[in-house]
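**Student:** One-letter residues, chain by chain:
2 protein chains.
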Amino acid sequence: MKNALFGGVNAAVLTPMRADLSVDLDRMAAHCRWLLAHGCNGLGVLGTTGEAASLGISERTAVVEGLVARGIPAAKMMPGTGTPALTDTVELTRAAERAGCRGALLLPPFYYKNPSDDGLFAYFSEVVQRVGGEIALYLYNFPQQSAVPFGVALVERLLRAYPGKFRGIKDSSGSYENGLSYVEAFAKDGFEVYAGDDTLLKPLLEKGAAGCITAASNVNCSVGARVYAGWNTPDGEAAHAVLAGTRKAVISVPLISGLKALVARNTGDPAWETIRPPHLKLTAAQKTALFDAFDATGIDLPKAA
Amino acid sequence: MKNALFGGVNAAVLTPMRADLSVDLDRMAAHCRWLLAHGCNGLGVLGTTGEAASLGISERTAVVEGLVARGIPAAKMMPGTGTPALTDTVELTRAAERAGCRGALLLPPFYYKNPSDDGLFAYFSEVVQRVGGEIALYLYNFPQQSAVPFGVALVERLLRAYPGKFRGIKDSSGSYENGLSYVEAFAKDGFEVYAGDDTLLKPLLEKGAAGCITAASNVNCSVGARVYAGWNTPDGEAAHAVLAGTRKAVISVPLISGLKALVARNTGDPAWETIRPPHLKLTAAQKTALFDAFDATGIDLPKAA
Chain A
1 MKNALFGGVN AAVLTPMRAD LSVDLDRMAA HCRWLLAHGC NGLGVLGTTG EAASLGISER
61 TAVVEGLVAR GIPAAKMMPG TGTPALTDTV ELTRAAERAG CRGALLLPPF YYKNPSDDGL
121 FAYFSEVVQR VGGEIALYLY NFPQQSAVPF GVALVERLLR AYPGKFRGIK DSSGSYENGL
181 SYVEAFAKDG FEVYAGDDTL LKPLLEKGAA GCITAASNVN CSVGARVYAG WNTPDGEAAH
241 AVLAGTRKAV ISVPLISGLK ALVARNTGDP AWETIRPPHL KLTAAQKTAL FDAFDATGID
301 LPKAA
Chain B
1 MKNALFGGVN AAVLTPMRAD LSVDLDRMAA HCRWLLAHGC NGLGVLGTTG EAASLGISER
61 TAVVEGLVAR GIPAAKMMPG TGTPALTDTV ELTRAAERAG CRGALLLPPF YYKNPSDDGL
121 FAYFSEVVQR VGGEIALYLY NFPQQSAVPF GVALVERLLR AYPGKFRGIK DSSGSYENGL
181 SYVEAFAKDG FEVYAGDDTL LKPLLEKGAA GCITAASNVN CSVGARVYAG WNTPDGEAAH
241 AVLAGTRKAV ISVPLISGLK ALVARNTGDP AWETIRPPHL KLTAAQKTAL FDAFDATGID
301 LPKAA
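Chains as they are written, first to last, in our numbering: chain A, 1 to 305; chain B, 1 to 305.
Be careful, since some hints might not be right.
Identical chains blur together in the list; that is why a pair holds if it fits in one copy or across any two.
Here are the simulated SDA-like cross-link-like pairs (lysine to any residue), alpha carbons at most 20 Å apart as the crow flies [to be verified]:
1. K113 x P149
2. K113 x Q145
3. K113 x Y162
4. K2 x E273
5. K287 x S116
6. K113 x V263
7. K113 x S58
8. K113 x V253
9. K287 x L25
10. K303 x A122
11. K207 x D20
12. K113 x S173
13. K113 x K207
14. K76 x S175
15. K76 x R102
16. K281 x A122
17. K207 x G298
18. K207 x G56
19. K2 x G174
20. K188 x R265
21. K281 x S173
22. K303 x V128
23. K113 x G56
24. K113 x L255
25. K188 x A238
26. K281 x G236
27. K2 x R157
28. K113 x A147
29. K113 x Q144
Quick caveat, the hints were computed from the structure, so don't treat them as lab data. Here the structure is a predicted model, which means the values were calculated and not measured.
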């Protein structure tokens with residue numbers, strides 16, 4: 001797909017923390033620079049991988065503002081701004097636009113289970129009208145965490161009711177068929193579909209997806225960029241195999257903790273392992289298993305400064 | 001059970017809203033006064049029924065402060081202060097204590113699914129240490145919404161590690177056996193177990209529970225109070241049957257919307273039906289069915305002013 005606002009590889013950026021569990025914006029900005037230098041076209045900050053749900057509302061606004069203040073281009077950021085609460089979601093999305101972001105990624109309201117499509121339509125109608133402005137809204141389909149899926153019928157209804165407002169979707173369902181359903185229904189109209197699973201980047205690009213937003217991009221973005229640059233070439237095929245291997249390695253342990261451990265190793269900075277509960281650091285045995293499986297993929301991980 | 005801080009009937013208080021979906025504190029305070037005058041010993045404001053998850057963090061603090069400013073006794077309130085985020089949870093709990101509340105009801109962090117008991121223990125350890133103060137913490141077991149259950153082993157670990165901090169649990173699992181497991185393990189030490197389901201008030205009181213915190217108490221608290229006052233008397237038996245009938249009636253439609261419709265009817269104030277999406281008002285047909293089923297229980301609902 002051409003002309004996607006965030007087309008290509010986007011990392012669901014990890015959030016480093018100090019010993020007191022506060023966000024470490026200096027480390028985070030350095031990591032964002034590394035990501036942009038090694039294959040990422042965009043930065044999906046404050047998503048599931050970024051522990052956004054574990055951060056307070058004011059902390060989330062401070063992350064976006066703090067990264068911009070440290071020179072990370074706001075135009076490259078697609079912060080997660082979805083919360084269970086209408087008003088907090090609107091506040092975070094407006095703050096993202098004020099900071100210069102061109103897009104925001106919105107989970108559905110995820111506390112109340114089994115909302116109706118009418119209820120979700122009413123919710124996003126309120127969000128659109130209250131947010132106003134020009135910021136592009138991306139839907140975040142991740143039923144394993146949110147327990148609230150976005151079906152094609154609901155997306156279609158939102159696109160019709162609010163033309164130009166909903167620009168794409170991140171699909172973390174892990175289902176090729178589900179990702180494909182969005183591509184087939186909407187990609188021809190410029191709707192950007194992002195794979196939330198590295199192994200689906202290549203097959204969905206073949207069908208017209210815009211790229212990916214993945215957790216593993218925190219460590220494998222240089223490989224993902226090779227897939228994106230030439231998914232229909234031998235190098236793209238070879239990169240896809242490595243990408244799939246790294247995905248398999250990182251989901252063999254608790255995902256966010258494992259990615260933090262890999263970045264800690266790559267930066268030589270053990271503080272990177274700090275994580276907010278209910279997540280926990282990997283055990284030594286988990287780290288060994290992860291590092292072995294990750295290295296066995298043959299990935300050539302660019303060194304962090 | 002004697003000496004429970006919130007022993008007896010507690011309503012999971014509804015949150016009335018204006019047409020712009022902001023919280024209507026005057027209507028809410030009037031409803032709280034009606035509840036306290038008609039059988040409620042305590043006010044579980046800002047729980048699931050109170051649409052707390054649909055309210056922003058600053059709105060939630062304003063509700064507690066606003067009710068106190070309107071003369072609702074802080075000592076009667078047990079606000080819900082659990083959020084997915086450690087920092088917001090701490091902020092809300094501290095604000096509740098500052099406002100004069102003696103207890104707060106804490107959901108587990110409910111975004112990330114399948115957290116380990118070690119992770120939940122680490123989370124609540126941080127909460128306890130950061131909150132400090134004297135406020136009693138009540139755990140909120142509601143796996144149907146939070147997807148994160150509190151097992152007896154985890155509760156026991158928290159009670160041992162932080163003596164005197166965790167004072168009880170609200171069990172909305174709907175399972176008698178689950179509620180009983182908390183009563184049998186901890187009630188002898190003064191741990192207050194609250195049924196989250198009206199039909200379990202009587203059977204759990206018989207075993208040593210402290211009372212209930214229920215959604216339907218917004219309309220049936222005068223009946224619940226009769227059960228509490230004499231669960232082992234003929235009047236308590238009769239009240240239990242009516243209570244169970246009203247519970248069955250209100251869960252035959254979307255619960256929060258249905259309770260708001262019943263209060264709207266009882267107050268003659270249709271504004272009471274306003275609700276934040278993803279919830280929706282009942283349809284006319286749903287209202288008719290609900291009112292018929294509710295009235296068929298023979299409940300003598302005290303009129304609201």
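**Student:** Run every hint past the structure and note whether it holds.
**Tutor:** Against the structure, the hints come out as follows:
{"no.": "1", "hint": "K113 x P149", "verdict": "both (10 Å within a copy, 15 Å between copies)"}
{"no.": "2", "hint": "K113 x Q145", "verdict": "both (11 Å within a copy, 6 Å between copies)"}
{"no.": "3", "hint": "K113 x Y162", "verdict": "neither (25 Å within a copy, 32 Å between copies)"}
{"no.": "4", "hint": "K2 x E273", "verdict": "neither (37 Å within a copy, 47 Å between copies)"}
{"no.": "5", "hint": "K287 x S116", "verdict": "between (42 Å within a copy, 18 Å between copies)"}
{"no.": "6", "hint": "K113 x V263", "verdict": "neither (35 Å within a copy, 24 Å between copies)"}
{"no.": "7", "hint": "K113 x S58", "verdict": "neither (26 Å within a copy, 24 Å between copies)"}
{"no.": "8", "hint": "K113 x V253", "verdict": "between (28 Å within a copy, 15 Å between copies)"}
{"no.": "9", "hint": "K287 x L25", "verdict": "neither (25 Å within a copy, 52 Å between copies)"}
{"no.": "10", "hint": "K303 x A122", "verdict": "neither (47 Å within a copy, 33 Å between copies)"}
{"no.": "11", "hint": "K207 x D20", "verdict": "neither (45 Å within a copy, 43 Å between copies)"}
{"no.": "12", "hint": "K113 x S173", "verdict": "both (17 Å within a copy, 14 Å between copies)"}
{"no.": "13", "hint": "K113 x K207", "verdict": "neither (32 Å within a copy, 31 Å between copies)"}
{"no.": "14", "hint": "K76 x S175", "verdict": "neither (27 Å within a copy, 49 Å between copies)"}
{"no.": "15", "hint": "K76 x R102", "verdict": "within (8 Å within a copy, 46 Å between copies)"}
{"no.": "16", "hint": "K281 x A122", "verdict": "between (39 Å within a copy, 11 Å between copies)"}
{"no.": "17", "hint": "K207 x G298", "verdict": "neither (28 Å within a copy, 61 Å between copies)"}
{"no.": "18", "hint": "K207 x G56", "verdict": "neither (38 Å within a copy, 40 Å between copies)"}
{"no.": "19", "hint": "K2 x G174", "verdict": "neither (24 Å within a copy, 52 Å between copies)"}
{"no.": "20", "hint": "K188 x R265", "verdict": "neither (42 Å within a copy, 50 Å between copies)"}
{"no.": "21", "hint": "K281 x S173", "verdict": "neither (25 Å within a copy, 30 Å between copies)"}
{"no.": "22", "hint": "K303 x V128", "verdict": "neither (41 Å within a copy, 40 Å between copies)"}
{"no.": "23", "hint": "K113 x G56", "verdict": "between (22 Å within a copy, 18 Å between copies)"}
{"no.": "24", "hint": "K113 x L255", "verdict": "between (25 Å within a copy, 12 Å between copies)"}
{"no.": "25", "hint": "K188 x A238", "verdict": "neither (28 Å within a copy, 64 Å between copies)"}
{"no.": "26", "hint": "K281 x G236", "verdict": "neither (34 Å within a copy, 52 Å between copies)"}
{"no.": "27", "hint": "K2 x R157", "verdict": "neither (24 Å within a copy, 55 Å between copies)"}
{"no.": "28", "hint": "K113 x A147", "verdict": "both (7 Å within a copy, 10 Å between copies)"}
{"no.": "29", "hint": "K113 x Q144", "verdict": "both (12 Å within a copy, 8 Å between copies)"}
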